[in-house]
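Undergrad: Here is what each chain is made of, one letter per residue.
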Amino acid sequence: MNANFEKIAAYIRQHCHADDFSLYIRCTESHETRFAQNRVTQHLAGPTFSINLTAAFDNRTGSASVTQDDPASLDKLIQTACDIASLNQPDPEFIPTEGPKELPQVQNCDPATKELKPAKMMDIVQYMIDQAKAFDATVSGLTEKHFHQHMQVTKNGFVGYDESTDFGHSMTLKKNDVETKVSYDSKSYGGFDQAAEFNRLKEQAISLADKRDMDATPIAVILRPYALQDLIWYMTWMMDRRSSDEGFTPFTGQMGKLFFGEKFSLYSTLDIPAIKARPYGDGIASKNTTWVENGVIRNMPTNRYWAKTKNLEPNHIFNLYVPGADATEEQMMQMVPRGLILNQFWYIRSVDAKAGELTGMTRDGVLYFEDGKVRHAVNNFRFNEIPHLATRRILALGPSIPTACSAMLPSLLIDNFNFVDKTTF
Amino acid sequence: MRYLDLAIGKALDLGAEYADIRVQKTSDEVVMLRNLSLKNTSHNVIYGYGIRVFYQGAWGFAHNNVFSEKAVLATTQKAFEIAQLSARVNKDKKLRLAPERSYIAKYETPLKIDPFTVPLSEKVELMMETNRILLGYEGIRQAMFYIISHKDEKLFASTLGTRLELNTQWIDPMVSATAVTDSDSQSRTFDEGGRSTGWEWVLELNLQEKARQIAQEALIKVKADVLGPETRRTLILDPNHLGLTMHESVGHPTELDRVLGWEADYAGISFATPEKLGNYRYGSEIVNFMGDNTLEEGLASLGFDDDGVPAQKWHIIKDGILREYGSTRDTAMEIGLDYSRGCNRATYYYDQPINRIPNLYLMPGTKPLTPSELIADTEDGVYIQGRGSFSIDQHRLNFQFGGDYFWEIKNGKLHRPLKKVLYKSCNPEFWNSCDAICDERFWRPFGVINCGKGQPSQSARMTHGSAPARFRNIRVGGSQ
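Residue numbers (my numbering), protein chains in the order written: chain A, 827 to 1251; chain D, 1205 to 1684.
Don't read these hints as lab results, they were simulated from the structure. Check the hints yourself; a few may be wrong.
[Claimed, not checked] Using 25 angstroms as the maximum straight-line C-alpha spacing, the simulated BS3-like pairs for lysine-lysine come out as follows:
(1) K1229(D) x K902(A)
(2) K1480(D) x K1001(A)
(3) K1571(D) x K1628(D)
(4) K1571(D) x K1136(A)
(5) K1000(A) x K1617(D)
[As the list claims (entries may be wrong)] Partner residues are not named here, just some residues of chain D that face chain A (Cβ under 8 angstroms, in silico):
(6) T1321
(7) L1409
(8) N1410
(9) Q1412
(10) N1602
Each residue gets a CB set at the ideal place from its N, CA and C atoms; glycine is no exception.
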């Protein structure tokens, strides 16, 4: 536990006389190096710190935040939050803060990552640039590390604290007309192998060298795990229980029903050490949650107000796990006459919230395969697709791998993915 | 403030070729109401300083929220050490800074009523009344209203001798109604995207009347027809729609850092490369875009940028031809310019400033033309108001946009309401298809308060603007 956080919490407990309050304290120590076209363009470091207090008098609430922790700043914080609450209109959806909870034990912090030195991070950047030059290419990207500390305290006795680390390295290589990207994002620097990472990037670039023009058409796709990650965040944002119950999403009236494809399941889990799991959110203890099981919707994220109103248990998405299977890309290519292999998506946005339709572009390399073999690269495409309907067309799954600090996802073979347009590169 | 001199002196002692310090206090007041329930009423302050050091062709930037002599000196030292590390990599490919003179200046957003002085009860009362109006319409199931009031108080000093005091503000009210039927849910939103002005703008807007209008339009929209399959059609785009289209298809492609490939790993690059300057036909001859950080009430009208470069006004596209970019001191030199256009902006004290879109707008048509005359002159088309779905590739070529409210035009008249309209186009086809722009009487600004870019991500603001404009032969259809 951060001693300064405890001191701040004690001060707020002593001096905040609101009927109820919730206090959040966050601190992140960051070091970030941006490089582009084989040189460093930005390089930044320092802490960010905030203290946020939501105070309530009866059912009237007010919030304030500050970035300093001296007594005068804390007094101002208390006064501002309480003044807003006093002046505010009653909130008919107010519910009291949570009391003491037993929280799961999680390990989101890697000490070696926390202690990673700037000089070492610069060595990584230098290595990647040297490799790119040797390959007669340019590389652009970001190397970053963060150490996060987070605490929530309520007047009713909830106390939550979490420490976590992130190490990230992403880079885009450009050689002639080929642009492609790889990224590593984990709570631990320990699994990062700079030589392997550059080789992965180089191999991807080589595979994309022979690029040909292709028109957009619905076609089978192999979504590599990072492409699935881009898509699945947007899909889960639409799965809010209240919005669904009120008729705003495609999931209205679908709880407990087979709505996704039977090959698709989605969980938040405390049981996979490779990915982070926030131990709490808004006073709710995280616990293993099945969102979709073999296509059936089992749960949707439910906030505390809606849970109380509808006599449900509140829950929240604290990481994403989609169990995979054992199909290799080679096996997937054998299952359909032809298709595309996608590395990443880009600029995904909602087109129709009620239908759950999204649009977006492919990015960082598209490969065309036919008769079980990769034939050549092709241009990028635009899709307009409804992800939950796309899961009904899953033909095969690959093994799940960690794709981000808090996501573990497989590759998917999906039939008839709805591409509607192409771009010129 | 004594810390300014302390940081600048320390940076020079360490051997910095250039350094600046930006002390920045950002205050936000957010009031958000959903169905008569206050979801978030907050006052947030983010206060600290960032120090940039330029050394042997490379940057170091360190930030801190602790105000003491010791902390300022340590932060300056850290910025210098980071710059030294960067310089090691850049030894054969150094960054350079465009020349700039020193300024001693003060700038404040002109406003009549400071939104932070308006009693909360007055704001909440207005919002409650507006929510009640929306929910009074049968079929409206969700009424939203937020008001964001924002203030930045900055002190800037640099080794050039510049000393700036910049106090800027903006305000953004947004009202939305969502209608639900058994088979569909559709929203209609009043959102001008924010302006650098005071509470007087909110009072002028007559939001109660706007609420009645959007409630009625949401009910029309939810029962409207879906346009058939995609075909080539004519579009008439309202200023509060066209703002986002120009943001994505002209604003971002003409940021010089993207042009140089500095955003290649995330936000993307640009097709509008330097060899196209002065000869590339970006749009038709009536298409003229200005970069203008002197625009009255413009969200990027800040007096100076975070390089200490004063606000300017310049042609980005003139008579349809690409003329210039939005630039910063470190990007300008890369294409041989010896001046910056003053587009380097950071969001908070802890952000290193990056090349940003200026206030950027389409000049109105020079011949008298009203929106009614434009519609009357259109046989078969779609009229789009408001912002909807938006997506564009990372070179800023291919794009797809939706909107917020749609009418089919037949034989010069608004024929029937539509929903779920999408159009697809690409650069330079889209801006070359522009064949009519209404005159200056119908020019309106549209603000963007959440332009995401950078690693780590930052959110910037700028204002766009246009009069209603017509585009021929665009692929338009209904979504699935």
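Undergrad: For each hint, tell me whether it holds in the structure or not.
TA: Evaluation of the provided hints:
1. For a cut-off of 25 angstroms, the pair hint linking K1229(D) to K902(A) stands: about 15 angstroms separates their Cα positions.
2. Distance check on the hinted pair: K1480(D) and K1001(A) sit about 21 angstroms apart at the alpha-carbon level, within 25 angstroms; holds.
3. Simply put, K1571(D) and K1628(D) have alpha-carbon atoms about 29 angstroms apart, too far for the 25 angstroms limit, and the pair is violated.
4. Restraint check: the Cα-Cα separation between K1571(D) and K1136(A) comes to about 60 angstroms, which exceeds 25 angstroms; the hinted pair is violated.
5. Between K1000(A) and K1617(D) the alpha-carbon distance is near 50 angstroms, which puts this suggested pair outside the 25 angstroms criterion.
6. The beta carbon of T1321(D) is not positioned within 8 angstroms of any beta carbon in chain A (closest approach about 14 angstroms), and the interface hint is therefore violated.
7. For the restraint placing L1409(D) at the interface with chain A, the shortest Cβ-Cβ distance is roughly 21 angstroms, beyond the 8 angstroms limit, so the hint is violated.
8. Nearest Cβ of chain A to the Cβ of N1410(D): about 22 angstroms, over the 8 angstroms cut. The hint is violated.
9. With a least beta-carbon distance of about 17 angstroms to chain A, the hint placing Q1412(D) at the interface is violated under the 8 angstroms criterion.
10. For N1602(D), the interface hint holds, since its Cβ comes within 8 angstroms of a Cβ in chain A; the closest pair sits about 4 angstroms apart.
Checked against the numbered hints listed earlier, the structure breaks hints 3, 4, 5, 6, 7, 8 and 9; every other hint is satisfied.
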